[in-house]
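Going down the list, the protein sequences come from chains A and B.
The letter at position 41 of the first sequence is residue 41 when you use my numbering, and the numbering goes up by one with no holes.
For my numbering, count along the second sequence from 1 and bump the result up by 110.
In case anyone wonders, no lab produced these hints; they're calculated from the structure.
All residues carry an ideal CB built from backbone N, CA and C; glycine is no exception.
Just so you know, not all the hints are guaranteed correct.
[As the list claims (entries may be wrong)] Straight-line C-alpha distance at most 27 Å; calculated DSS-like pairs for lysine-lysine:
| # | chain 1 | residue 1 | chain 2 | residue 2 |
| --- | --- | --- | --- | --- |
| 1 | B | Lys119 | A | Lys69 |
| 2 | A | Lys109 | A | Lys68 |
| 3 | A | Lys42 | A | Lys68 |
| 4 | B | Lys119 | A | Lys63 |
| 5 | A | Lys79 | A | Lys105 |
| 6 | A | Lys68 | A | Lys57 |
| 7 | A | Lys69 | A | Lys59 |
| 8 | B | Lys119 | A | Lys42 |
| 9 | A | Lys68 | A | Lys79 |
[Stated by the list, open to error] So, partial list: chain A residues that the calculated Cβ filter (under 8 Å) puts toward chain B:
| # | residue |
| --- | --- |
| 10 | Gly41 |
| 11 | Phe72 |
| 12 | Ala84 |
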Amino acid sequence: EDQVTQSPEALRLQEGESSSLNCSYTVSGLRGLFWYRQDPGKGPEFLFTLYSAGEEKEKERLKATLTKKESFLHITAPKPEDSATYLCAVPMDSNYQLIWGAGTKLIIKP
Amino acid sequence: DSGVTQTPKHLITATGQRVTLRCSPRSGDLSVYWYQQSLDQGLQFLIQYYNGEERAKGNILERFSAQQFPDLHSELNLSSLELGDSALYFCASSVGAGEQFFGPGTRLTVL
Chain A
1 EDQVTQSPEA
11 LRLQEGESSS
21 LNCSYTVSGL
31 RGLFWYRQDP
41 GKGPEFLFTL
51 YSAGEEKEKE
61 RLKATLTKKE
71 SFLHITAPKP
81 EDSATYLCAV
91 PMDSNYQLIW
101 GAGTKLIIKP
Chain B
111 DSGVTQTPKH
121 LITATGQRVT
131 LRCSPRSGDL
141 SVYWYQQSLD
151 QGLQFLIQYY
161 NGEERAKGNI
171 LERFSAQQFP
181 DLHSELNLSS
191 LELGDSALYF
201 CASSVGAGEQ
211 FFGPGTRLTV
221 L
């Protein structure tokens, strides 16, 4: 069964303390992996698309990487404004529907 | 700004009533998706339309229905509302099987 699992569920860091979020997936034939950021009460904001193992994408303090079984979202020297829930998703094999992870709630303390 | 618009932003109604949520996708996007997100819960996929036709159904209740019009905007109709239907409802759009872009959502409160 196609599945996406994110860990940890929640992560509390001090400002400037770098860390990584994990997204592991089991799908037959990966057709992309998407990372989103969601602030409370807002719609998810698209961050990155990764298509093949070894691919990396960067945006400000965020860097997403992809292996054959998982993706990491690395956060370097985070600031309080990076606090949000980070979601990953992969397309289902049969249609355009996405399988969503439950998200990692990131809290950055000043 | 994702380019996806949703109206209204907020909706307060009573149990048993019917409401309609509206979504306009990004220019050029043919697929529209509807999601429900209850308080502190994950995104629950409801339904997808592609170029006017229903393409996939998720955990959508029989009391809920949707359609996509020739101009590609979509409406989600929720009827016989219950307290448990209170949630954020998001619309997203995509060109094809790629990344989805989300609207700001409609917050529905059923009293």
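Evaluated hints:
1. Lys119/B - Lys69/A: At roughly 38 Å apart (the allowed maximum being 27 Å), lysine 69/A and lysine 119/B break the hint.
2. Lys109/A - Lys68/A: The given pair, whose Cα atoms are some 33 Å apart, is violated under the 27 Å limit.
3. Lys42/A - Lys68/A: Outside the cut-off at roughly 31 Å; violated.
4. Lys119/B - Lys63/A: 32 Å, violated
5. Lys79/A - Lys105/A: 14 Å, holds
6. Lys68/A - Lys57/A: 16 Å, holds
7. Lys69/A - Lys59/A: 22 Å, holds
8. Lys119/B - Lys42/A: Judged against 27 Å, a Cα distance of about 11 Å means the pair holds.
9. Lys68/A - Lys79/A: Cα-Cα ~30 Å, so violated.
10. Gly41: With Cβ-Cβ at 7 Å, under 8 Å, it holds.
11. Phe72: 18 Å, violated
12. Ala84: 14 Å, violated
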